[in-house]
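Chains as they are written, first to last, in numbering that gives the first Met the number 0: chain A, 0 to 654; chain B, 0 to 654.
Simulated from the structure, these hints should not be mistaken for laboratory data. Treat the hints with caution; some may be incorrect.
Copies of one chain are not kept apart here, so a pair can be met inside one copy or by any two copies together.
Stated by the list, open to error - Straight-line C-alpha distance at most 25 Å; calculated DSS-like pairs for lysine-lysine:
1) K186 <-> K612
2) K360 <-> K194
3) K517 <-> K454
4) K537 <-> K487
5) K487 <-> K273
6) K612 <-> K308
7) K194 <-> K368
8) K391 <-> K569
9) K308 <-> K641
10) K405 <-> K186
11) K569 <-> K454
12) K194 <-> K405
13) K368 <-> K216
14) K512 <-> K194
15) K525 <-> K422
16) K273 <-> K329
Owing to the predicted nature of the structure, the values given are computational and were not obtained by experimental measurement.
Number of protein chains: 2
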Amino acid sequence: MKTTFKLIMLLLSATFLLSSCGNNNGKSSGSDGALRSSNAEKVYVAPGEHDEFYAFMSGGYSGNLTVYGLPSGRMFKEIPVFSQFPTSGYGYSEETVPMLNTSFGFVPWDDSHHPDISQTNGELDGRWIFINGNNTPRIARISLKTFETEEIIEVPNSAGNHSSSFVTENTEYVVAGTRFSIPVPQKDMPISEYKGNFKGALSFIKVDQETGRMAIKFQVLMPGFNYDLSHPGRNKSHGWFFFTTYNTEEANSLLEVNASQNDKDFIAAINWKKIEEYVNNGGGKIMPTNYAHNVYDEHSHSATSTMIKEVLTVDPTEIPGAVYLLPTPKSPHGCDVDPSGEYIIGNGKLSADLTIHSFTKMLDAIENKKFDGDAYGIPILNFEDILAGTVKSGGLGPLHTEFDDKGNAYTTFFISSEVVKWKVGTWEVIDRKPTYYSVGHLMIPGGNSRKPFGKYVVAMNKITKDRYLPTGPELEHSAQLYDITGDKMELIYDFPTHGEPHYAAAIPADLIKDNSQKIYRLDENKHPYAVTNQSDAKVTRNGNEVHISMSMIRSHFTPDNIEGIKVGDKVYFHITNLEQDFDVPHGFAMIGANTSEILVMPGQTKTILWEPKQVGVWPFYCTDFCSALHQEMQGYIRVSPKESNIDLSWSLDGE
Amino acid sequence: MKTTFKLIMLLLSATFLLSSCGNNNGKSSGSDGALRSSNAEKVYVAPGEHDEFYAFMSGGYSGNLTVYGLPSGRMFKEIPVFSQFPTSGYGYSEETVPMLNTSFGFVPWDDSHHPDISQTNGELDGRWIFINGNNTPRIARISLKTFETEEIIEVPNSAGNHSSSFVTENTEYVVAGTRFSIPVPQKDMPISEYKGNFKGALSFIKVDQETGRMAIKFQVLMPGFNYDLSHPGRNKSHGWFFFTTYNTEEANSLLEVNASQNDKDFIAAINWKKIEEYVNNGGGKIMPTNYAHNVYDEHSHSATSTMIKEVLTVDPTEIPGAVYLLPTPKSPHGCDVDPSGEYIIGNGKLSADLTIHSFTKMLDAIENKKFDGDAYGIPILNFEDILAGTVKSGGLGPLHTEFDDKGNAYTTFFISSEVVKWKVGTWEVIDRKPTYYSVGHLMIPGGNSRKPFGKYVVAMNKITKDRYLPTGPELEHSAQLYDITGDKMELIYDFPTHGEPHYAAAIPADLIKDNSQKIYRLDENKHPYAVTNQSDAKVTRNGNEVHISMSMIRSHFTPDNIEGIKVGDKVYFHITNLEQDFDVPHGFAMIGANTSEILVMPGQTKTILWEPKQVGVWPFYCTDFCSALHQEMQGYIRVSPKESNIDLSWSLDGE
């Protein structure tokens, strides 16, 4: 144990040394005038031009998904997913509160990690993007037509939903693996009895090919390890899914020492097609549980949350040939599969070398039953039997590997702060470039598919320090853009990233941009309180509930004067934006209300609740600078005492 | 009325035509290879280099303040101000919830509009930046040392706090004017009785020069107009403050027609030094009211909210020489003062021309009592007597003017979508450049001070449409960067902006960057539950309240195993980050908790509440990728049934 601990401390010290170097290293790459000028032109997207790629980055502790353009590094949008988002009122408006419902109740924000774009035949198809909620385990599906979150499904029996949300090569499944093992089902038991008793659930969520709707097909209940990352087999290995494990020691305390004892942990290889067949034939066990399934409907502009009461679990030891364990050096993080599907790369984060497993050799070993024992009944393959090769990288702390379209792979090294380029098949190192500082994951557009677009690699760095002007103790994270069209990588740009992007996925803009929706059609608006014509605006009372069906159009609210509201009322503003032009939102703000402000896109209806507590005459106004007369887009509401007998009245002057 | 209405409709149609043009216009400016290359180099900040300016942009309906670098257009930080912010837990953590307290209760988000940087002798001094909450009227003060919100003061008797938050030239005051007039004090009355009965409060908030602490010194109760924007006098006009008004018709409905009847509205000129003297001598009337004053203490890392029960109001008609009205063409928006303090520019948004008032002529007219009647007892000056000149711009819809350091002014025109450069003094138009599309405000670093830094102008555009890759119906807003070092402006870059930036302020980086704080000192941490040494970590119970004082350091939580928690407990996690290195945050996430996740900077303590509802063993983990062993930074909490008699216990293994 002492040796391991010392090694770790040494590695960590290396991190500090490397990460404390100044920014001169960065400067040197830009100090040559001609090179600087060439790099400037490479990342410059002039006014009127468009970026070549959409990059989607997880928000980490923002709980959202951000959209960047490459090569410019400009952020085009923050899509609210697992978190309340004041800008659009997501998670606050009556219609979207159900999106954040879980079996634990309403959870206002989460930690989002790994976006993955839907695929057909192993290639990016640009229909949807999926992302995992890490803390309160969930998977979200976002439309790449509207760039809005359409669905969130909770994952039961899971805790720290980290080895998620990656898709199989026809998006048959989006897969979610627990990071932490827990009692399944949960029960009150001593933490010290973890070993041998806790389980790790790997969930396979079926995706409807027409609608994108998700449903948990089955959960594989694995030994109580930690499951870190995962990737699908593709091409020849389609039908399999690979998960890195760590803490195979099953320690429950002081993991930074106790979970690094074993020289090798595992990659778990799951033959999901075999398990699918098993459950289709009635296999598996239905377990009572409780998890939320939240769906947003784009016509009613409203979400509903349904609680689901059972889940199908399978015991992998009961399905011969379903699961194998591939020994992999020390606490691997990333688990990556090359475009051919033959090579499975284990990035052993406390190791110097990269280990590459051969899928063909794995099948051979399985066929020949060459096992090296088992773990809780799951066969362990022999390391040497399945080894395709080793990359003698010379780096420290490999984390994640992606691929280009020329047979090269690119691996990040957290501790030695660099990206290393190497040749798939020969395992030779071709190039290495420093990152500033402590790179986590990296991304090549399509780098997790059969068809990567090897023009750029983006390094997502964990330490920012002096890369930008300082902004106090808290800094944005930082990405770096490398041109990888030549033999050598060229660092061409630094750009800050919002939240803590852990992971990213990117797609050529041409594959999706023409499909982007511009407005919501008013004639398809099915919201129960929608006002599709100004003259239909109205105010109705039901006890102390008041419903205001209000319209907005440049530059008028209808109604704009309302009387007869009383202290203690629950006032619901249902606001419809009547515009049908692209990019003409209106906003609505009501002073002092709890959910007091909302942005509404053309053709959309949103609802906020106001509970007036004080008598008086209170203004409302449009929050989006919508027209030359935006400042005139306002109105008043009179609030009378609770006991007042003033009747509801309102003006429809705007007709 | 009909003529006015037709004019307005014509202007609005013009907006549509202009805003629907394609992006080829933008492209033309970049289509010449040499020019494109030169512009690329102008905006390129190579890896290892730093931007020249900090630009601070309001978030609009995000309620926050964003920090950009110029010329790169990269966003360095989003500072939470008036809105809950999942990324840092602002407005969710126990310590920061009081920051969003108001007289209306807890308000989770707002609409932020006009940042202004503190000044000394009329020049930017980089101590603080102020910004207004528009919907629930408030002013916030943000430290430019920590880039965190330190204080928020509510503004009573106000509604739509829009003509805010601008500072006088030694930051004696930050000024906040109501946009909407309301009954003062509020009362239940018919909206139709608005005219003559509602009031518009203009608030002067004193700023303590040592601490920055704000206190409302007095409110001027003005006639029931709308007050749109404001700027301080400077240099020779120091001691005065100028506010644009519109809706001097005092209409209460259909304002887009009814508030555009008068050919001229007013700029209200307030002699605040005279009023200050008046109130220092006992003038004014104390009015009972109720407003929140929220202060964040950087040593206890905690905010407190105090309710203040009275405010000093003044009736301007009782103070001779205090307030005058300057007739200004049609519904002016921006109200801008040139660096010399001599010229006051009214940007009449429904007018084609810019009207420039002369401060010297204004004083003359006042001295000679050349009035053209009064409005509710406030003298109206004669338009011709105070006119310095008119800019025959040829544009439509002037909104906002800023200044460079060479005697030029730059005005945005919303309807004709352009920036027009003109000469101060001769009023001749020198240059005009299109904006894409519908520009609102613009910004030159220091452009609202005695000493502008005239290198760039940033146009903040209200319509984005095709400027970037499409992202569904909802788009980010868009800024455009012009090089203004030559005679002609040169459009060099487009960059998207987060939220809806209404307004911006910028400062040369050299003025503040060396002052930026890097960590919070652990030896200054006065949080009552801070753990400054791992061995002090502990868990205590008081009835059903459990306080966990927990430490975080690479790569360990102390304690990391906790038992004895019961269903129904209120569990407070007080989490201290023991790191003392720059840019080493840790995060904490607890599954399914309502406020379940928090980011903590080095030396800081934050608290979140967890109310476990289910028995079981639940993990927690670090949310910030902090070290090579980040994935090992985790722990477990055992939750037993309510009636269980298991005592609290925890492990301090990490010592």
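If any of the earlier hints don't hold here, list their numbers in rising order.
-> Of the numbered hints, 2, 3, 4, 5, 7, 8, 10, 11, 12, 13, 14, 15 and 16 do not hold.
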